[in-house]
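Starting from the two chains in their separate frames, assemble the complex, guided by the hints.
If you want the building blocks of each chain, they are given just below.
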Amino acid sequence: MKKNQVLPLYVLAAVVLLGTYSCKPRNAGSAVTSGAAEKAYVAPGKYDEFYNFVSGGFSGQMSVYGIPSGRLLRVIPVFSVDPEKGYGYSEETKPMLNTSHGFVPWDDLHHTELSQTNGEIDGRWVFGNANNTPRVARLDLTTFSTAEIIELPNSAGNHSSPFITENTEYVVAGTRFSVPPDNVNGDVPINTYKKNFKGYLSFISIGKEGQMDIAFQIQCPGVDFDLSHAGKAKSHDWFFFTCYNSERANTLLEVNASQKDKDFILALNWKKAEEYVKAGKGKKVAVKYAHNVYNEKTHTATSEIRNEVTVLDSKDFSDLCYFIPCPKSPHGCDVDPTGEYIVGSGKLAALIPVFSFDKLQKAIANKEFDGNYEGIPVVKYESALYGEVQKPGLGPLHTEFDGKGNAITSFFVSSELVKWNIKDLKVLDRVPTYYSVGHLCIPGGDTRKPNAKYVIAYNKITKDRYLPTGPELAQSAQLFDITGDKMQLILDFPTIGEPHYAQAVSADLIKSKSVKFFNINDNANPYVSKGEPEAKVVREGNKVHVYITSIRSHFNPDNIEGIKIGDEVYFHVTNLEQDWDIPHGFAVKGAPNGELLIMPGSTQTLKWVPDRVGIFPFYCTDFCSALHQEMQGYARVSPAGSTVPLMFSTGKNLPPSDSTSAK
Amino acid sequence: MIFMKNIYLVLTLFVAFNIFSCSNEPEKQPEQATNTQPPASGGQENVKDDESQKDVVKAAMGSKDHTTLVAAIKQADLVTTLSNAGPFTVFAPTNAAFDKLPAGTVDGLMKPEKKEALTNILEYHVTVGVLKPESFADGQSLGMVNGDNVKVTIKDGKVMLNNSATITASIPVSNGIIHVVDAVLLPPEKK
Chain Y
209 MKKNQVLPLY
219 VLAAVVLLGT
229 YSCKPRNAGS
239 AVTSGAAEKA
249 YVAPGKYDEF
259 YNFVSGGFSG
269 QMSVYGIPSG
279 RLLRVIPVFS
289 VDPEKGYGYS
299 EETKPMLNTS
309 HGFVPWDDLH
319 HTELSQTNGE
329 IDGRWVFGNA
339 NNTPRVARLD
349 LTTFSTAEII
359 ELPNSAGNHS
369 SPFITENTEY
379 VVAGTRFSVP
389 PDNVNGDVPI
399 NTYKKNFKGY
409 LSFISIGKEG
419 QMDIAFQIQC
429 PGVDFDLSHA
439 GKAKSHDWFF
449 FTCYNSERAN
459 TLLEVNASQK
469 DKDFILALNW
479 KKAEEYVKAG
489 KGKKVAVKYA
499 HNVYNEKTHT
509 ATSEIRNEVT
519 VLDSKDFSDL
529 CYFIPCPKSP
539 HGCDVDPTGE
549 YIVGSGKLAA
559 LIPVFSFDKL
569 QKAIANKEFD
579 GNYEGIPVVK
589 YESALYGEVQ
599 KPGLGPLHTE
609 FDGKGNAITS
619 FFVSSELVKW
629 NIKDLKVLDR
639 VPTYYSVGHL
649 CIPGGDTRKP
659 NAKYVIAYNK
669 ITKDRYLPTG
679 PELAQSAQLF
689 DITGDKMQLI
699 LDFPTIGEPH
709 YAQAVSADLI
719 KSKSVKFFNI
729 NDNANPYVSK
739 GEPEAKVVRE
749 GNKVHVYITS
759 IRSHFNPDNI
769 EGIKIGDEVY
779 FHVTNLEQDW
789 DIPHGFAVKG
799 APNGELLIMP
809 GSTQTLKWVP
819 DRVGIFPFYC
829 TDFCSALHQE
839 MQGYARVSPA
849 GSTVPLMFST
859 GKNLPPSDST
869 SAK
Chain P
2 MIFMKNIYLV
12 LTLFVAFNIF
22 SCSNEPEKQP
32 EQATNTQPPA
42 SGGQENVKDD
52 ESQKDVVKAA
62 MGSKDHTTLV
72 AAIKQADLVT
82 TLSNAGPFTV
92 FAPTNAAFDK
102 LPAGTVDGLM
112 KPEKKEALTN
122 ILEYHVTVGV
132 LKPESFADGQ
142 SLGMVNGDNV
152 KVTIKDGKVM
162 LNNSATITAS
172 IPVSNGIIHV
182 VDAVLLPPEK
192 K
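Top to bottom, those sequences are chains Y and P.
With positions in the first sequence counted from 1, the corresponding number in this note's numbering is that position plus 208.
With positions in the second sequence counted from 1, the corresponding number in this note's numbering is that position plus 1.
Isolated chain P, as found in the complex (with noise of 0.2 angstroms):
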């Protein structure tokens, strides 16, 4: 109950930020360190919509098992992106899969100035495509958004991510699917 407590609360500052912050001084955000990254509000995330199916980041916001993963993408700016049409698979690490970084990783990405690397590894748990659980085939090789390449393994039915990350649940969503992995998928190294 604590976890969904606190969804609320983020979520009433969120829209409580929305109602009050912007009304009157539309033009007073500090400038940004650069022009490179994504806009942080272009897209469907706002449309007011209860009936339709959810899509992937209002299915993510609705898990108490990731909040981290929501927070992530909050403080990466995919919020906009993973509301649009996509179509995306997204492997979701549950909040226990993150906790399994050594201590300090998520907070420390969490940090502005680390948040190119936490961009490139939201990234590269998203492919645009829908694969379905029976889509992944031993040895495929996946184009992540990123720019990397993620290996798919099938062992015992089971369907694992360079052979670190087993898929658990999948959940079909608006906009494509999310595939709830036990651990974090690290990209390569950058050269």
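Isolated chain Y, as found in the complex (with noise of 0.2 angstroms):
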């Protein structure tokens, strides 16, 4: 092109961006369409219709929100302390986050996972991922609380976890970050990943009443297994995982780990690794890694190290996995209501393939194989594939269903949900989010029956879409009416920490059994007190255990004395109220280990160990009634040796009759 013909250009690109751009939604403002506030619109005191049970990423707690309001319920604490809920801080929770590493008091929570039954959302349970130490917690859906984690030796990166199959027989947690298993030596070169790390997929045993117990894991090659899902009905027997890195690159991935034009999807017929575990093919390994559960009844949770898994080498047998490629460092993976059709989003393909869970078998069985990737087939592309789905987007990432034969893809790169036909593969309607969507949530939208009122994207940029406030910005969801042959933007709402999945249900489906109170007779921990007659202190040692009852408006005991400078406090607070919503705290000035939140009907426990000689106030935090400014009491501190005797008691430690009146 001639200078000369330069200007011509700006003409018509003015005249092109007046023609393409000129009335496009511009930002939400425009974007969102009428009534979009009548559909979001949830009265004050009215409930929503859905609970949302999103991830918290890098807070490691789970949240949860009403849909469609998008108002915040709850953010239960899983994989970190929360102060909030004193999680992490009181005796009894402390051990929820103990590892084989010790207590890890701060991890990644990136993928929550309702459990099923018979491939529907069945409201028990919902589990959740630590992606960094790996982790896998389940959270009890009539507290809202974590009832159980389980740590998973040989892996690093939990992160195509905690996806379930279709009854919860099973969750799996699969390695994203390879690395030499744990019982032999690691102290390798880092260059020698090739030969020494490994992808270890673990399935975790889910019992009658939630257990979880490390059935199994498999040994497979040291790619990054990035996510994955379970099979539906004829494909039940079945896993898919995504991984990326198929190079087994062990330095600078961005350019190294995106070499080949196809990674894979992972089909495992977890059936089958059932069997031959059963019939004692697998090998039993020396690890070590915790098992913590939170006792209801005790309000206690203990932590057990266990040392011992069951081991199947993926390429000791020819019928357990097989490799199919998949375009460009697939990352979501993700089977439609059918079971029929597995979708690998590869976020640097330009194209999304589906494949056919019954051409899969057909290949298998007539062995169209293309060799093998360390020794497992590798299934040929085209005898797997159904269809692709053609430039559908750039940066596709993760697919949900709506039960009507459609799919909707998130797309990073060119930020937008997009959704399609599955059987034609036709591109059928695309909304731009705000901004660079991550995951989304349709409501059932990875199980056999979809409940598809809405979706939901979860954005990793925010930018401008709030008030400003500094460097960092809450993340941003954004809900969309899907009723319509259009997605319709109705809200756009802040998320805590860094959403990635989440899912959502029916709100009936769990709200009539949400726990009101603890009943206190039932309570068995071993420092309850149940009933003020039962407050008391105990010295033992340099121990002094405080049994201290809370009820609208005072402490049991509220004045303490003959507590020395070297003894360990113990404060056991039992909350003796029987009614809803009615917690207390318990905060002692100094005390450098936090405070406590003690629902009612149950005891917690703050230990405190004074530092210096003084009288030290402790109160109640939670406004609990009018007198709650006047929930206080005073413990007195003296100095070691100190002959001051242990003393306890409320509303009788009044003055001397003589030393009432004015000097």
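If you're looking for bench data, these hints aren't it; they were derived computationally from the structure.
Below, simulated SDA-like cross-link-like pairs (lysine to any residue); rule was C-alpha separation at most 20 angstroms, straight line:
#, chain 1, residue 1, chain 2, residue 2
1, Y, K468, P, V151
2, P, K49, Y, A682
3, Y, K470, P, Q141
4, P, K152, Y, N464
5, P, K191, Y, E596
Encoded structure:
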């Protein structure tokens, strides 16, 4: 183009700009159409239609939102201490965060998965994964609290987790950062990755009461297992895991793990694995991992270190694992409600491949393989492929299903949600997200029975969406009505941490089972006081156990003397209330170990090692009544060796009669 | 100077249109031919921020040597994508590089009916990931956003792409890196 032609180009460009840009939505202000407010509005005092369980990302917690209002209902502490609830601070909850590495106060929770029966959400539990120090947690949906955590040996970067089979037979956990197994010498040069590093897939069995146990692990090549989903119906026996870094690079993965045109989806027959384990084909391997359980009767968590897992080596069994080539570093791995279609989202790919379970079975039966990868047969791409969605958008990440034959996929790079038809693979609709969407959620969108009223986009970038709050901004979620042909943006709401995956379920399945308080008669905490007459202070050597009760609006005891420097003081606070939404708090001046929040009917313990002589007030931190401000007490700390006797009381420690008058 | 003036003219028109065109008639745009094109505006290009490091689009807009590229990016609806988080490595042909194409090629590609071909060419200049000058290796194959590959050769310390375009400068930007190239990369013919 000659320089004297430049001006016409500008004119053209300007015309193009006018033509192309003029009346498209510029921001949510104009992207939101009329009626949106009404659709997202839940009147004061009215309930939302759905619970939305949202991963808290790097906060390590899980948050619960009401949909469609976007109201934050609760943050459930899971893998991180939570000063709002005392989780990880009270002696009773500290064991929940125990690992083979000791107490880990902060982890990174990426995915949530609601328990299922027959491929439908059953409302019993929700699971979450710890990505950093690999663990899986089970949360109880009657108390909205963490009930159990199990650590995963031989693993690092527990990312393809905690996805479940259709009857919650198993929760899986796949290794994103392959490492040398725990029972071999891990002191190896990092550049021996290809030789020494392995990827483990763990299958955690779930008992009737939810109990988690590592049933078996499958040793696989040292790729990066990314995401996973179980089969459904006809593909019930199978689990599918995406993986990237089939190059098995150990440095600058940004470049070195993007070399190949295709990585893989691993198709794993977990029923076969189960049979092999039953037949004794697994190898018992010495490892070390923590298993933590919170007992609702004792209101206390216990942590046990376990020492053995059963391992199957994928290459020792010819009918256990198969690799399906999948373009360009696949991320999301999503199975449609019928169980026939497996969608792999290559985050650097220009298309979305959809694989057919029936074709995969045929290909396996006819051995339509392209050799093997580290001993695992590689099924020919075309043999397993149903079809490709062409030019769907840039950077596909995750797919959820509407149960009406359509899929909705999130695109990070082009920042949009795209709806497409599974059968004809045609794009039907697309909407921008603000900005750079990661995961998405349709209620029941990864089950056999989606409840496709809404899709929620969880965005990675917020920038100008809300009033600015300095360099760090709450991440944004966006709610779209998908009852019509076009997705319609109706609400934008902030979230905690960085939301990755989230799930939503009809509130009817959960709300009626919600616990209101704990029966004090069932409280089996060894330090409970089941009434004020049981309140006491007991010295055992240098340990002072304060059995203290709280009820509107006093502590018993509220005057304590006889504590000495060198003592360890344990305040075992029992909340005697038997009423909904009346927790009491407990804080004592100078306690370096935080505070407590005690639910009605439960007992929680704060350990306090006084560091100086003096008087230390304690008080209730949760506004409980009109006389909440009066709910206070004093602990006297005397020097080591002091002869001040141990004494405690409420309402009795009155001044001597001759000292009340003025001097 | 005439270049800069023209950029301002374009920008002024752009801004002016933003202000006046949509305020009262938000839903009147003509139906698009297909639903398969990326949305023109779902991204961060509208975020008001003059303080942060410039992204691919803003940096390209500030270059007098890349006005053709910028116009093409807009025509192909890639402004949103290239303003997003990326990260991107963008091979940015100069105006002179576009001028080397046969006469009329650029004007032809800028026609609405050639949008798909233009998009394909531009996406052939973008890969997801940050490839610094030292990241390139002789014989390397780069997977580009359009799905095709670009071949890297290194001769006398110069990085060449598809044996036709040489990297002449590299500019780090907030969402990746721009490598200025002296020729337009043409994707392989579609089967």
